[in-house]
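So the chains spell out like this:
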Amino acid sequence: MSDYKALIEAVIKGDIKTAVAETQSALDADGKARDILDKGLIAAMDEVGGRFTKGQMFVPQMLRSAKTMKECMTLLEPFFQEGDITPKGKVLIGTVKGDLHDIGKNLVSMMMEGAGFEITDLGVDVSPENFAQRAKEVEPDIVALSALLSTTMPAMRQTIEALHKAGIREKVKVMIGGAPVTEKYAQEIEADSYASDAGSAVNKAKELLGVS
Amino acid sequence: MGSTMIIVGEKINTSRKSIEEAVRKRDATFITKVARDQAEAGAHYIDVNAGTFLDQEVDCLCWLVETVQSEVNLPLCLDSPNPKALSEAVKRHKGEAMINSISLEEDRFQSLLPVITSQPCHVVALCMAQTSMPTTVEERVQVASELIKKLTDEGIPLEKIYVDPLVQPVSVDTRMGIATLGAINKIMNDFPGVNTICGLSNISFGLPERRLINRNFLALCISYGLSAAILDPTDKELMATLLAVEMLLGQDEYCENFIDAYQNGRIGRG
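Protein sequences appear in the order of chains G and H. Taking this note's numbering, the leading residue of the first sequence gets 1, the next gets one more, and so forth. Taking this note's numbering, the leading residue of the second sequence gets 213, the next gets one more, and so forth.
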């Protein structure tokens, strides 16, 4: 099967039953797991992200599509050989210190995973030191910071400073987002990018790393 | 004119472009008009929020307090997560302010305690604890009862506490509406005399037709016992829903508020 139209459609619709069935029949027809992932699942999530940004799809559908993709992934996983999947990039993400909000961060994580990035999610209330420490361990391409309060935004600046102190600022791209965050603020604290929602976060990540 | 429910007018928030510009330019005429419009539409408190100004928040918030109260004779709801901004703003406030808000987050509680105990005020108590957001009714009520105890221990009367049960979007989890509603109901029953309050917009995050969702959520909140709300009183459809629902719940003797609003053109077309 060289086109995965039915699979893509099912993922976009969030129809787990059909998507899983389509994935299985693709595998049965000797389809390569890598192909099914790239041309089926990731292609579908790209479409979902685009429609979301255009206001044609909404948060609940995004969640449903992401869940659908995850179910299909469990079928594909046994077929991936060691080193078969090279993720588009590695992303370390978290909500900054003092802030417990995670809805936006979770949406961004989900969409980035759907796009083929490898995500390490540090959760909420993550100190600058913790970000730097984990960044040294994980060696991400992108460090993504989320904040929902004007009072916790300064922690974004502190986190960038912590990355400098740890000697790794040059090795990563920093992306920030969250309701009170702005493009202007990103420039002020010398972040590499700002994204206003989960859909555009994926595009910005791809831009930063020069991947498609 | 009026409602049973306590209304906090939400419009003076610098996350709205026109308000942000007016504050930046110190346009007192613009700000006092927005305040007056809300007062005339039935607000009991006027919320002021300058959170988007970051380092300049303290100055901007103080300016808002002085500007609004120079023309409008209402108490204000001082809205900020920044204890410094709140403590400075309350000094300039005439009469008893509503402080929005305190929570169980350790730093926030400790730094706001002197602010709320140094003069009589009303306090919005947000059901947020140190480590995570509540997801169920039980978690919310648990945090609420801890907060209420800590505040009343400090001498804050129960009637001056407005518990915000934390509203989360249904787009992310469709149980979030009923979680808030259940919490409101339980808190009002478990602590007779306490107030509950919430804003409406979180519930509809991530969905289209947000105004529609918000005003239906308001109707549900009222029926579950919510005693105060942070909303836009100049939104005619929203206020019409509020008055209709209060009347339907037997809270409007002789349907006076509803009929009065209708005869004064505040309900209905035109």
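Please note that the accuracy of each hint is not assured.
[To be verified] Restraint-style ranges between C-beta atoms, simulated for each label pair:
#1 H:Phe242 x G:Thr86: 53 to 61 angstroms
#2 G:Ile168 x H:Glu252: 38 to 46 angstroms
#3 H:Gln475 x G:Ser196: 41 to 49 angstroms
#4 G:Phe58 x H:Cys467: 35 to 43 angstroms
[Unchecked claim] Lysine-lysine pairs mimicking DSS-like chemistry, simulated, CA-CA at most 27 angstroms apart:
#5 G:Lys204 x H:Lys229
#6 G:Lys54 x H:Lys229
#7 G:Lys136 x G:Lys67
#8 G:Lys171 x H:Lys229
#9 H:Lys448 x G:Lys97
#10 G:Lys184 x G:Lys173
#11 H:Lys362 x H:Lys229
#12 G:Lys54 x G:Lys32
#13 H:Lys448 x G:Lys184
#14 H:Lys362 x G:Lys184
#15 H:Lys296 x G:Lys97
Worth flagging that the hints you see were computed from the coordinates, not collected in a lab. Quick reminder that beta carbons are idealized off the backbone N, C-alpha and C, glycines included.
To see whether the hints hold, each was checked on the structure:
1. H:Phe242 x G:Thr86: 53 to 61 angstroms: Cβ of Phe242 of chain H to Cβ of Thr86 of chain G: about 55 angstroms, so the range 53 to 61 angstroms holds.
2. G:Ile168 x H:Glu252: 38 to 46 angstroms: violated (57 angstroms)
3. H:Gln475 x G:Ser196: 41 to 49 angstroms: Given about 45 angstroms between the Cβ atoms, the range holds.
4. G:Phe58 x H:Cys467: 35 to 43 angstroms: holds (38 angstroms)
5. G:Lys204 x H:Lys229: The given pair, whose Cα atoms are some 25 angstroms apart, holds under the 27 angstroms limit.
6. G:Lys54 x H:Lys229: holds (22 angstroms)
7. G:Lys136 x G:Lys67: The given pair, whose Cα atoms are some 30 angstroms apart, is violated under the 27 angstroms limit.
8. G:Lys171 x H:Lys229: Violated: Lys171 of chain G and Lys229 of chain H sit about 37 angstroms apart, past 27 angstroms.
9. H:Lys448 x G:Lys97: violated (40 angstroms)
10. G:Lys184 x G:Lys173: holds (17 angstroms)
11. H:Lys362 x H:Lys229: violated (38 angstroms)
12. G:Lys54 x G:Lys32: violated (32 angstroms)
13. H:Lys448 x G:Lys184: Given pair Lys448 of chain H, Lys184 of chain G is violated - Cα atoms ~35 angstroms apart, limit 27 angstroms.
14. H:Lys362 x G:Lys184: violated (40 angstroms)
15. H:Lys296 x G:Lys97: holds (19 angstroms)
This entry does not satisfy hints 2, 7, 8, 9, 11, 12, 13 and 14, going by the numbered hints stated previously.
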